[in-house]
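**Student:** In the order they appear, the protein sequences are chains A and B. Residue numbers are given in our numbering: position 23 of the first sequence equals residue 10, and the series is strictly consecutive. For our numbering, add 62 to where a residue sits in the second sequence, where the first one is 1.
Treat the hints with care, as some may be off.
[Unchecked claim] List of simulated lysine-lysine pairs, BS3-like, C-alpha gap at most 30 Å: (1) B/Lys321 with A/Lys57; (2) B/Lys321 with A/Lys101; (3) A/Lys174 with B/Lys321; (4) A/Lys105 with B/Lys123; (5) B/Lys310 with A/Lys119; (6) A/Lys57 with B/Lys81; (7) B/Lys478 with A/Lys101; (8) A/Lys103 with B/Lys321; (9) A/Lys173 with B/Lys321; (10) B/Lys478 with A/Lys57.
[As the list claims (entries may be wrong)] Taking beta-carbon pairs under 7 Å as the criterion, some of the chain A residues facing chain B (in silico): (11) Asp73; (12) Thr79; (13) Leu92; (14) Lys103.
I should point out that these hints are in silico values taken from the structure, not numbers from a laboratory. C-beta: ideal position from N, C-alpha, C; glycine also.
Listed here are the chains, written in short residue letters.
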Amino acid sequence: MFAIDLQNIHKTYAGSTSPALNGVTLQIKENCIFGLLGPNGAGKSTTISLMSGLIQADLGEVLIFNKNIKQYLFDIKYQIGIVPQDYALFPTLTCYENLRYFGNLYGLRGPSLKQKIKDYLLLFGLEKNEDKMISSFSGGMKRRVNLIAGILHDPKLIILDEPTVGVDVQSRKMIIDFLKNYQREKKITILYTSHHLEEAQEFCDEVAIIDHGKILIEGQPKALIEQHKVKNLESLFINLTGYSVRE
Amino acid sequence: MLRIIATLHKELLILWRDKSGMALLFVMPLVLIILMALIQDAPFKDFQNIKFEITIVDQDKAALSKQLVKALQKSNKFIVEESNDIAQSRKEINAGKKKILLFIPKGANAQMEAHASVLVKQLLKQLGLSPDTASKVSLDKLHISIYFDPTSNKTFKNAIQNALNQFVAKTETEFILESMMQELGSSTAAKENPPFEDINFISIEEVPSNSDLTQLEKVANSVQHNVPAWTIFAMFFIVIPLGGALLKEREDGSLLRMKLMPGSYFQIQLGKVLFYVIVCVIQFYLMMLVGIFLMPYIGLSSLKMGSSPFALFVLVVCISLAATTYGIMIGSVFKTAQQSLTFGSISVVIFSAIGGIWVPIFILPPVMQKVAAFSPLNWGLSGVNDLFLRNQNLLFILPSILKLVVFSVLCMLISKWAENKNARG
């Protein structure tokens, strides 16, 4: 069974002449880390928005764990954890208050939620900062809290939109190491987007490169590099998407 | 339910830590109601309670002017100051040092007596009580001049002129009666003891339309108008923190996260609406307490709140709901905090201006009175006035409540439409 199954997806935003997605077909297996890579405006965010039920496709079907997202959005939302690119936290609430609120929105409460938050804060080295306002946190600390907020409800599928953008090397390593271990332990699926191609090459079991609303290539990073006889994923990316700067 | 309670708690923490937001919600209305009640206290007072300073330049120094001065002093409406220098007095009027100047020219008394005498003779001739000696005589009109401070408004001038005309008419009538008695050869005793003491035997007195009002001694004074009016204005100013918070949530991505979470986003929005409705209700009752207990300490009357506490509570909840949903609509429709702040504050000021918050509706011109019907602040204030001043009940204010509820539903529908539009990109 696929965790995500996109079938011939077309999407054009109102007022736009060119499609954001133009016949995207993509299947992501369960229990793997999948990287969706592409330049700015390639269609990554639109794909994520479709998978999370935020927008609907003009044409085509989105299946999450074999369920059509249009029909089963309510159930599917409980199985997905989304970590947006923005910090998406309340700056004047403390770290603990933010996580408790998001936990409550997932339907979690009481001592079990409290313990879960404490465990995650310990795991991410934030235990001493739980009562500090988010506004006083560094970018790396916010990223870690952002990640915890997205996985509090133990989702089967985590969608990470550039989870390491704007953080220092240490925080980035901590996040990536955590995600690798977490995926292995819980046997979940991770869909990850990033501009860090080196990170993606190391982190992902499989990747797809998307541009102009179309999937250009997909497969295991190592196999793709060998197949296209390039030095690394970044070279392959440049070969496929070109050097022109995107808007 | 957990999502609603969690959102209520989250909003409470955020607002509690937002000192400027708290000041806007609780200090601003406090300052507004005190200031506006003080500023508008004098214009709201009945003319009966106000004494106008009037300067009289009497060049005649005869019975007419003396009688007029006496009548003005007796009326308790005027503080009379006499002067001999018309030029100086006019200078003072032009400089704004004096407000009203009355000029009685030389010979006014003689002219009035002559006029009364001719009038009486003609009357008696027509009644056949006098020999046919009196012929038709044309007399010049007697002109008593009045000068106003050039900054005086038309309403003030009209009110003063009407009051003075009354005194002049009364004095003129007394002259005519006296002349008639002389013509009929009344005795000195009759002159000294006229058959009637007061020639004004018809008087119009206001009778309250609702007997309960008399008991409660309610009047549309400055406190009764300004306390609820500016409180409602401040309640609608919740659009600033609320609209701003929504835009902030959209900008920092937390709105997106909340929408992506399991369950309905409506529950989260409901929690937000509930919280701000509670804040507005607290805001209203706190300001009413200020009206009741603080106003008398600054020389104003205490606020009277009618006798339908339940109807008032329902109305206040509906006003709060309208204010909150309007804030949510603004936060949803506009894309930047700048746009939402500008539109939010200006629209509330416009709604308040046309809705009778600044000045009561009955003072506005007829066109503006019709326009007022489109202001949600007016619906709220009308309902409050119905309860406070007319001592009405829930049934009576139902139209106001319905308008506020329909407005709230419309705002929520527009918000939903805007959110969907934003999500579609």
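**Student:** Determine for every hint whether it applies to the structure shown.
**Tutor:** To see whether the hints hold, each was checked on the structure:
1. Between the alpha carbons of B/Lys321 and A/Lys57 the distance comes to roughly 15 Å, so the proposed pair stays at or under 30 Å and holds.
2. Using a Cα cut-off of 30 Å, the hinted pair B/Lys321 and A/Lys101 holds, with the two alpha carbons roughly 23 Å apart.
3. Straight-line distance between C-alpha atoms of A/Lys174 and B/Lys321 comes to about 26 Å, which keeps the hinted pair within the 30 Å bound.
4. Only pairs whose Cα atoms come within 30 Å are accepted, and A/Lys105 paired with B/Lys123 is rejected, the gap being roughly 97 Å.
5. About 20 Å separates the Cα atoms of B/Lys310 and A/Lys119, which keeps this hinted pair within 30 Å; it holds.
6. Taking the CA atoms of A/Lys57 and B/Lys81, the gap is about 43 Å. The hint is violated against a cut of 30 Å.
7. Under the criterion of a C-alpha separation no larger than 30 Å, the hint pairing B/Lys478 with A/Lys101 is inconsistent with the structure, at around 34 Å.
8. For the proposed pair A/Lys103 and B/Lys321, the alpha carbon gap of about 23 Å is at most 30 Å, so the pair holds.
9. Of the pairs offered as hints, the one joining A/Lys173 and B/Lys321 holds, with about 25 Å between alpha carbons and a cut-off of 30 Å not exceeded.
10. A C-alpha spacing of about 19 Å is found between B/Lys478 and A/Lys57, which places the hinted pair at or below 30 Å, so the restraint holds.
11. Interface hint status for A/Asp73: upheld, as the beta-carbon distance to the closest one in chain B is roughly 3 Å, under 7 Å.
12. Using the Cβ-Cβ criterion of 7 Å, the hint placing A/Thr79 at the interface with chain B is satisfied: the shortest such distance is roughly 5 Å.
13. Checking A/Leu92 against chain B: minimum C-beta separation of about 5 Å stays under 7 Å; hint holds.
14. Among the interface hints, the one on A/Lys103 is violated; its C-beta lies about 15 Å from the nearest C-beta in chain B, farther than the 7 Å criterion.
Consistency with the previously given hints fails for numbers 4, 6, 7 and 14, ordered from lowest to highest.
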